[in-house]
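Heads up, the final residue of the sequence shown is numbered 214 in this note's numbering, and it's a clean run with no missing numbers.
Check the hints yourself; a few may be wrong.
[Claimed, not checked] Below, in silico cross-link-like pairs of lysine to any residue (SDA-like), each with a Cα-Cα straight-line distance of 25 Å or less:
1. 153 to 111
2. 157 to 204
3. 18 to 126
4. 157 to 126
5. 157 to 171
6. 189 to 117
7. 118 to 174
8. 152 to 193
9. 153 to 113
10. 152 to 8
11. 118 to 154
12. 157 to 174
13. 131 to 120
No wet-lab data here; the hints were simulated from the structure.
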Amino acid sequence: TIMYAYDETLISKAQTSMAHMLDMAVNTYEYDLSEFYDMFLNSQYCPRFERGESSVIAGMSGHELAYSVLSEYRDVQLRDYDFRVDRTREYWIGWNLSYYQWVSSRSFRRINKLVSIPQLYSMYPKFHEMDISQFVDRLNEIDSEHKKQTFKRLREYARLTQRELAERTGIPVRTIQQYEQGQKELAHAHADVVVRLSQALYCNIEDLL
Numbered sequence: 006t007i008m009y010a011y012d013e014t015l016i017s018k019a020q021t022s023m024a025h026m027l028d029m030a031v032n033t034y035e036y037d038l039s040e041f042y043d044m045f046l047n048s049q050y051c052p053r054f055e056r057g058e059s060s061v062i063a064g065m066s067g068h069e070l071a072y073s074v075l076s077e078y079r080d081v082q083l084r085d086y087d088f089r090v091d092r093t094r095e096y097w098i099g100w101n102l103s104y105y106q107w108v109s110s111r112s113f114r115r116i117n118k119l120v121s122i123p124q125l126y127s128m129y130p131k132f133h134e135m136d137i138s139q140f141v142d143r144l145n146e147i148d149s150e151h152k153k154q155t156f157k158r159l160r161e162y163a164r165l166t167q168r169e170l171a172e173r174t175g176i177p178v179r180t181i182q183q184y185e186q187g188q189k190e191l192a193h194a195h196a197d198v199v200v201r202l203s204q205a206l207y208c209n210i211e212d213l214l
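Hey, can you work out the whole structure from these sequences and the hints?
See below:
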C-alpha cells in the first residue's frame, strides 16, 4: 500500500495553492524563486503544508500563503492578485513539487536536496506537457542515484573498502555492492542491517536512508 503524506481529498487544493504561491512570489512580488523557496522551507508553513494541515492547504489561498511566508521575513504590502490565463513556469513547478511531496511523503527540504529550483526550471521544457507521473519517475530516478552516491561516499569517508565494511558489519560483500549499485535499496533493508552499517560508517541512520 502506498503511504501518501496526507489525505487524498486535499491534494488538488494543495497543488493549486503551491502553484499560485510560487507564481505570485515571482510574478507579483518579484522575488527570485530560489530565494523565496528558501524562505518557504524555513517558514512555519512548510511543515504544516507537508502534514496536510487543512488550515494551511484548504484555509489559505496560494496568494495568502505567498504573502504570509514573505511577511515572516520582510515588511511587505499585500498586492492584488494578478489573474493570468497562461500558466507560468513557477506555477508548473509548484503544481509538480506539491504532488511529488504528497506521493513520496518526503519533506520539501529533502526534495530540494535532490532537485534544486534551477534544475526544476531546466526540466520545464521537456516535462511540462507530459503526464505528472513522468515527473515523479524522473525524481525517483534522481533519488535512487543520490542514494547510491551517498552510500559509496560514506564508505569512502570511513576509509573502508567494500570487503572491510562487509567484515565489520557481517553483511556479505555482494549485498554491499548491490546497495552501491542501486540494485537493492537500504530503505527496504532490515533495521539491524541499517544500524550495523551506520555504526561502521560513523553516520546517522537518516544519512543512509
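Outcome of the hint check:
no.: 1; hint: 153 to 111; result: holds (18 Å)
no.: 2; hint: 157 to 204; result: holds (15 Å)
no.: 3; hint: 18 to 126; result: holds (23 Å)
no.: 4; hint: 157 to 126; result: violated (29 Å)
no.: 5; hint: 157 to 171; result: holds (13 Å)
no.: 6; hint: 189 to 117; result: holds (24 Å)
no.: 7; hint: 118 to 174; result: violated (29 Å)
no.: 8; hint: 152 to 193; result: holds (13 Å)
no.: 9; hint: 153 to 113; result: holds (21 Å)
no.: 10; hint: 152 to 8; result: holds (20 Å)
no.: 11; hint: 118 to 154; result: holds (13 Å)
no.: 12; hint: 157 to 174; result: holds (15 Å)
no.: 13; hint: 131 to 120; result: holds (15 Å)
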